[in-house]
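Using the hints, build the complex out of the two chains.
If you want the building blocks of each chain, they are given just below.
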Amino acid sequence: MLEVRHITKQYTVKNQRKGENVFTSVDDISLKLKPDSSYALIGESGSGKSTLAMMMAAVLPPTHGEILMDGKDIWKLTPKERRRLRGDLQLVLQNSKGALDPRKTVYQSIEEPLKNLCQLSREEQQRTIYEIVEKVQLEKSLLTRKPNELSGGQQSRVCIARAMCLSPKFVIFDESVSGLDVTVQKKVLDLLLELRKEFHGTYLFITHDIDVALYMSDHIFVMKEGHLLDEVQNALSYDAFQHPYSRELIASLPPKSPHYRL
Amino acid sequence: MKPLLEVNNLSISLKKQGIPIVEGVSFQLKKGQILGMIGESGSGKSMTCRGILGLLDTHRFSLSGTASFQGQNLFQLTPKEMQMLRGEKITMVMQNPMTAFDPVCKVGRQMLETLRSHRKLSKVSAMKSIKAELERLGLADTQRIMDSYPYELSGGMLQRIMIALALLLSPELIIADEATTALDVRTQGAILEEFSKIREAGIAMIIVTHNFGVLAKLADEVVVLKDGGIVERGDVFEIFDKPTQGYTKKLLQASNLRKEISNA
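Residue numbers (the numbering used here), protein chains in the order written: chain A, 329 to 590; chain B, 46 to 309.
Next up, chain B with everything else stripped away, as it sits in the complex (with noise of 0.2 Å):
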């Protein structure tokens, strides 16, 4: 099967400084697949991420290798092509809920505008299918949500604000950037089951995380990133049981806290 995205020997550097931020990137993801990609602070994972998705500005950064969606392009796209290919085929959930949404603009209105940019709808029938996603992911309340500014809402609401945006356009591919890391491990638990529900959907994912466990429950396959450069890649299995490089294995020890107690 041909894959549905396919990203060859990715480079990002800074152009002024020409310092390299990520070297040389590879990986492919089939249909209904999830990537897990997993490193520390500053290892390049969001930045993968971004020049993927068109999202970095070209005057300060410079891009090589290619990244092919569907058999095409993204980087010989223009950027009006780009943007109705984001929200479209490929969405992002973000790290902080908190500011991904525009603080002076209702929710209800931002969930609308995002949807008719890519649809023709009408006001109505675009609130129906928000309202029906909203509830589908366990928010009851849609109306008083709708008409709620970002601040009223907590991180939890929001994240999942974030992700019916993601699910309302149907994509082919998600990309969830350290989605749960700012929220407690209970609605960081919510929002996994969110996403379990995601892959039974068909729909693949790009799940970026620093936490295992994350992994644990989504991945199928994960790649490991440090320093800008992926050191291990395997089934999630494999990484788990048996992972061959040393600094796959320091950061599964550190992410492991609660076994060192055994043993004390």
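Okay, chain A solo, but in the shape it has when bound (with noise of 0.2 Å):
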């Protein structure tokens, strides 16, 4: 179990005109996630998704606040135990290009995590690329590509294989899918939702798409300035928010057909 509480960050902002001032990106923010289970985080830019993301997985020390992961604070371990850690708790980013070395290959950019944190002989690492490979739906003629060779959609299924070769325990999808085109986006959301059936993880999906959210999950976490404003188990559509600010964001989606327009 994954679980937060009380958790705040915040940021020194430093300005010409006004000094410093601070900034508070997170504020006090209590949740729970459970084993093999799917939730979705969804807020506007701005509102701390990705800097409580970072935080949940182990990359940005909280200011207060404690993560416990099966009861331990994942901030007070030692950066040698945190980092064994990371094994079962990983992390999808948003720009999957940035996210991957571009002097290394796709085979060396999965095989990186499988070298640093577990003990497989090569014989066994290449046998488990292979598989993830597979799993993700890459050509393995791909493997020996550079990522500025590969597509948007491509680019991002690596990502989503190297952070899937440990079959993680928790893994945080960081608006993954958001700068990908609709028929590439329906694809890997589809991946994902089949490789958690097989991999029993717990997955949060952070977006800022209401659908992609409800596509994803039925346990929903909506986020604003910071604060976690709602919290919606069973979400089947879009009625189960009750939130004014939960309305407002479905208010303001694009209609689904003409016929709707105002």
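Note that these hints are calculated values from the structure, not bench results. Take the hints with a grain of salt, since some may be wrong.
Stated by the list, open to error - Okay, derived cross-link-like pairs now, DMTMM-like style, lysine to aspartate or glutamate, Cα gap no bigger than 25 Å in a straight line:
(1) A:K515 - B:E197
(2) A:K584 - B:E238
(3) B:K287 - A:D539
(4) A:K425 - B:D147
(5) B:K295 - A:E576
(6) A:K515 - B:D147
(7) B:K75 - B:D102
(8) A:K342 - B:E197
Note that the structure is predicted; figures quoted are calculated from it, not measured.
Take a look at the structure:
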């Protein structure tokens, strides 16, 4: 179980005109992610979604509060212990092009976590990589290519493969499909749903698209300006959202058909 | 009524490699009409728009076909005439507001430059009309915005500034190339509202997008592009209610995530 308790993140903003001020990006958020389930977090740009994701994925230390993974506070561990934890806790970023090393081939990129976090023989490593690559529906011929030779959809598959090759217990997807066009987005989302069925992990999807959130999960958190405003369980349609801000988000969605045009 | 913009058999290809990018695209646009262009990445939507506006490097790309705007053939204009037409009669709103502005130049100065290169206006009166336009688009703190560098403003704000710029010279046609793709749902909603106001003002628009919701909200006519060619065209209601081509159906299905939840 991944539990977030009263977590806060503050940044100091330096400004020539106004001097220093403190900006609170995430303000006293608590939430619980149970094993083998799927969650989604929605909010506007600047609502603190990504900051929360980075703290939960043990990348960015929180200012206050604690994040417990199976009862242990991940920010009280030594850096070495935290590194070992990475095998069970993975983050997939939005900008997949930026998340891949341009000098490394696809194979080398996917190999990296296996090399560093497991004691596997070379053959076992290779077998794991071939397996995961097949699961994310990438062609084997792409393994020797560099990221800039791949399309956006293929790049995001590589990032997913890299996160999945250790079969982690928790995966946080931070706007992982936002840059993709609708057909590719659908394919990647369907792939993720299948992977979850297979690996039985806990996934948190961070997105600004309510449709994506509803498609991926039925337990949805709503964030605004660093606060957790709404938590909806059994969310099956727009009707499940009660909070005025959630309603506002839904109202600003473009219509599904020209017949509903106002 | 004579069409405002008539594109006939437009083809664009890479000169050196001889690779076709856009092949035989034709469409018409009447005054005050909104044309939606939809397709996947790489289907040639943006290239078509750039070709029409004369924004393509002629050393790298070869263009054929015709594009006439108010009876003028756009491909026969000199670069200078084209430049005067752009911004004055036809304006463009780009996809990524963060990179469309000059990062080392304050927003106000960039807006002034655009306005004053087309109109003989004093700095003071140009400032006045810029401020009025920004206020109309719901940006209240105009002085602070004009004194800011692009990186100090949010994506939604910059996109509104770009729309304000596009509207300042009261053009006949606005081309919006994925203008809301980089924005979150709420900002997108606000920008789409602005676009429907533009429609009421009788300005024609070409909206390039891969989001069917944007078309459902705004478009009158829709063309569906695939691999550089038009696969289907028609009235927006026809495209949504009874698409004839498999590709259009596939796109519509992929964009409608919600439907499958209710089935599941």
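(message) Please list, smallest to largest, the hint numbers that this structure does not respect.
(response) The structure breaks hints 1, 5, 6, 7; every other hint is satisfied.
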